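**Student:** Got chain A sorted already, so can you dock chain B onto it with the hints?
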Amino acid sequence: MTDAPSDNFRRVLGRVTREDFVGRVAELDRVVDQASADKRGRGLLLLMEPSAGVSELLRQAYDQLFNRRNEAIPIYFAFTRHETTAVSAAIEFLNSFLQQYVAYRRNEPALCHSALTLQELVELAPSSDLQWIEQVVQLYARVRFSNDTRELVRFCLSIPQRVPQGAGRPFVILDGAQLAEDLNGDLVLGPELLRVFTRSGFAFVLAGLRRQILNAAHEAQCNFERLDFLRLEQLSSEEAHLLVDHVARRQQVPMSREARDLMVQQFAGSPFFITSFLQAARERHTALVSYLDCERLYADELLGGHIHYHFEDLLEEIAPQLDTRLSLIQQLWESCASDEQSASVEAWRKRLRISGTEIDEVLRHLHIHELLNWKGATVDATTGPQTWKDYLKVSYRLGVLNEPRALVVADAITDALKRAPHTMALHYRQLAHLSLREVVSQFDCQRVPRILFDYSAYSQKYKGAPEAEIVQGLEEEVDVLKLPQIVHIATGESFNSDLRQVCEEDKCFVAHGFENGTYSDAQAVIWLVAEIDSKLEVETDLAELWSERLDSLARIHGFRRYQSWLISNEGFSSEASGRLARRGAFSSSKAQLELLVDHLGVAAAQRNEVESPDEFLMVVPMGADNELMAASTVEHIARRLRFDSTAINQIKTAVVEACINASEHSFSPDRKIYQRFRVENGKLTITISSRGILPSVGSGIASKTTTEFDDAAEERRGWGLKLIRTLMDEVEFEKVDEGTCLRMTKYVRNGSV
Amino acid sequence: MEISPSGTVRSHCVGTTAVVYASDYLNKLTGEKIERECRRQLSAGCRALVIDFAETQLVNSIGISILLGIIDIAEKNNAQVVFADVNNQTVELFQMLGLTRHVVLAKDEAEALSNLTGFDSTPVIY
Chain A
1 MTDAPSDNFR
11 RVLGRVTRED
21 FVGRVAELDR
31 VVDQASADKR
41 GRGLLLLMEP
51 SAGVSELLRQ
61 AYDQLFNRRN
71 EAIPIYFAFT
81 RHETTAVSAA
91 IEFLNSFLQQ
101 YVAYRRNEPA
111 LCHSALTLQE
121 LVELAPSSDL
131 QWIEQVVQLY
141 ARVRFSNDTR
151 ELVRFCLSIP
161 QRVPQGAGRP
171 FVILDGAQLA
181 EDLNGDLVLG
191 PELLRVFTRS
201 GFAFVLAGLR
211 RQILNAAHEA
221 QCNFERLDFL
231 RLEQLSSEEA
241 HLLVDHVARR
251 QQVPMSREAR
261 DLMVQQFAGS
271 PFFITSFLQA
281 ARERHTALVS
291 YLDCERLYAD
301 ELLGGHIHYH
311 FEDLLEEIAP
321 QLDTRLSLIQ
331 QLWESCASDE
341 QSASVEAWRK
351 RLRISGTEID
361 EVLRHLHIHE
371 LLNWKGATVD
381 ATTGPQTWKD
391 YLKVSYRLGV
401 LNEPRALVVA
411 DAITDALKRA
421 PHTMALHYRQ
431 LAHLSLREVV
441 SQFDCQRVPR
451 ILFDYSAYSQ
461 KYKGAPEAEI
471 VQGLEEEVDV
481 LKLPQIVHIA
491 TGESFNSDLR
501 QVCEEDKCFV
511 AHGFENGTYS
521 DAQAVIWLVA
531 EIDSKLEVET
541 DLAELWSERL
551 DSLARIHGFR
561 RYQSWLISNE
571 GFSSEASGRL
581 ARRGAFSSSK
591 AQLELLVDHL
601 GVAAAQRNEV
611 ESPDEFLMVV
621 PMGADNELMA
631 ASTVEHIARR
641 LRFDSTAINQ
651 IKTAVVEACI
661 NASEHSFSPD
671 RKIYQRFRVE
681 NGKLTITISS
691 RGILPSVGSG
701 IASKTTTEFD
711 DAAEERRGWG
721 LKLIRTLMDE
731 VEFEKVDEGT
741 CLRMTKYVRN
751 GSV
Chain B
1001 MEISPSGTVR
1011 SHCVGTTAVV
1021 YASDYLNKLT
1031 GEKIERECRR
1041 QLSAGCRALV
1051 IDFAETQLVN
1061 SIGISILLGI
1071 IDIAEKNNAQ
1081 VVFADVNNQT
1091 VELFQMLGLT
1101 RHVVLAKDEA
1111 EALSNLTGFD
1121 STPVIY
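As they're listed, the protein sequences go chains A and B. Each residue of the first sequence is one higher than the last, beginning at 1 in our numbering. Each residue of the second sequence is one higher than the last, beginning at 1001 in our numbering.
If we strip away everything but chain B, and leave its shape as in the complex, we get:
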């Protein structure tokens, strides 16, 4: 497992896929850290991002807007984004704000990685 330079956002790479772990509260501060880490991973050559919300209890609208920003960045980099292990309440919020139209949701990290297998050779499908 790779620890990000900032020391607060955990992440690791599986092939060309970066898995980034969101913390228990996704707000402006933690959202920006995730965004920074995603940018770093994409610059390093990753072609897909998995953001793992297993520990996330609460998200706020600023955090969600940052996630949308991350999706935009990934799109510009031809990278796919999968959100893994999102609890029901957070899914509800994502639906309300239209996030689910732009991102694939996976039950957990393993399912997310499995969805992304062979991604290198296949076009991005949202």
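Just chain A, same shape as in the assembly:
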């Protein structure tokens, strides 16, 4: 459990305050927990998706542990690109270790940031630690000049083991381990680190790129029983929204919600890209209000900003020679643009004009950074984040084709602008969409009405019937289908890349399972599931085309027992249903799918992920009696909840008062009142907020003016809150960084009609 920041919480290595560290709550808890006594001797490998952002998480964990002041002494070390050899990195580790150890023992966070020599550290060491630190420094001086690189590296890395018992328990947090492997020298530092640390008997955390860390652990022949794993992927949409809000506020970048949402989707929730982008906005004094603002800045970033330098640095490391680098950019972009999913390594080697060893090294790096997939003799360069592809495209046009820069910039902006609405549309569709993958993966031998998989029968019996009648009818269905137990599910395109051309990734799946939960060849079955986009009932031709696609997929992969299942929004024409039935394929409409979801009991879990449908948001400008609009709106909402007329008037008055309060006391820069009305079980929760200064700041101004007016009149002006408290059941101010946010709740009384 992480500690809530208290007033005396000191920021030591964290680059942002704990409040501004958004998301990753569970991960932070997990890292901090690794320092507990019961994890002694265990290593935590943090397997990171590229650009998922790990440094701040580790720094925050460090600060938590530093502030706890218990037996675990946190030591944070980040491998940087400045260290060019394993030896220099190991020496830097030794220095950092001693410096942070002394800082912790002296309880002086500032020491962590001082430039100190080893001798100065000896002088600063508390008397209880002086002896062992002095010995370490003397030993280091001997090993340093022994010309045995390996011994020196091992000596430096083994420093935590040299801390005597009773002098604290070092907890080492290593960051950026992906760089460790790139250091020159006689030994590869990554596996060496793991070898030393896993055998050291103390707990540690090692964070690095997921594709590399596991390899390093195998290479170091680690005892996997002593290792724990934590996967770090991109932020969820909600977390990413929060991150954008926090960073934009911190960087003082004005931003609209539309721009925020686009940024989150465009960067797929990557904390690294999001923070880099907002930093660029601040540096260029750019407000991000519209899609155009975002994409202009995005183009600038691709061509010469933080994002450009990030990828450029990476490519320079992978291919230091300029001509090889340009050939690599050409090869990468042309493969990506052609949708050529599989190319031979040999073809790549010839085009890059490099040796077999060199091509292996290039591909290994690109693979580790997940910019392509390298499997033995083949390469798939169509993967990688969109930002990478956009970078490749502009670099190719500028560096390889030598096109005019102005043209490339213009195209980068227009391409991104054209893509933006599609990016958002896809996101909105996904939000509104029941996740087919989630539904199928819940199959676990449940018995469900067979009619849910037969559109023709369902439409004859239930189409247009009241919901209650359908539910009742399904309860009484005697013909039931026992679903298989699904053990693995993957997208259709991961089995056949041609499917990428004809449907979206999340609309076609191949699910492996067993009937009756019996794991035998005879019971093995594969469900081939596809959702067809259609606003009307699907006609025969399209239904047959899809059925044939799935049959073909089964033939290609030699699936012996399989079940096709086609789903369409409005179902299938009667002829199409008949044909599908004759082919043995199941068919369902979206309505049937939803009923199936209810039967499986996954509905609640899935729907909870979506924001409550009973939530209404409203923004009104301050003044001009606009609080009446809010009152009118809340009246309509309250009626739905069947509040009686007295309660409705009380709610309306409270809303009016809250709006007036927000207008009068916030000194709002945007002069807007944000309102959220949330209908929950038997209660209505209203949140009225505004941007501006905190009420406590405003009260100073108010007290000054009090002397100028009649005290009694001023007192009366404070009645708003009193009224609200009297009229509503629960009233509280939410903590916000600026402005006011008042939450009020009213419960429906039993007497309400």
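It is possible that part of the hints are untrue.
[Stated by the list, open to error] Among chain A residues calculated to face chain B with C-beta under 10 Å, some are:
| no. | residue |
| --- | --- |
| 1 | Leu214 |
| 2 | Ile532 |
| 3 | Pro621 |
| 4 | Asp625 |
| 5 | Thr633 |
| 6 | Ser645 |
| 7 | Ile648 |
| 8 | Lys652 |
| 9 | Thr653 |
| 10 | Glu657 |
| 11 | Trp719 |
| 12 | Gly720 |
| 13 | Leu721 |
| 14 | Leu723 |
| 15 | Thr726 |
Honestly, the hints are just simulated from the structure, not real lab data. Just so you know, these numbers come straight off a predicted model, no measurement behind them. Note that CB positions come from ideal geometry on N, CA and C, so glycine has one too.
**Tutor:** Then chain B, alone, in the frame of chain A:
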């Protein structure tokens, strides 16, 4: 019926009693208009004020504080104030904020005027 100079607050006089009509929403703006009209009527020699809330659907705290100000002004002028035709929800608010301790409530304008009959010769009783 007399229309006030501002043209937004309706009012008329019955003897020495002024009847002022509140609008559908009593807030700062409309409250101040009523206050202005009441002051004007008192300056013109009225000895009693009837504020008619027949059209008033919603009042806010600023509006109520202005009403209290009007009661203060009337008191200083030895004039009585009656609130007429106040809906139940508004009465509830007036009670919460203590207004009903300082003012007479009447069912409607007629009842208010009837309560005030003979006011000229009788002392003000709250």
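**Student:** Output the numbers, in ascending order, of every earlier hint that fails for this structure.
**Tutor:** 1, 2, 3, 5
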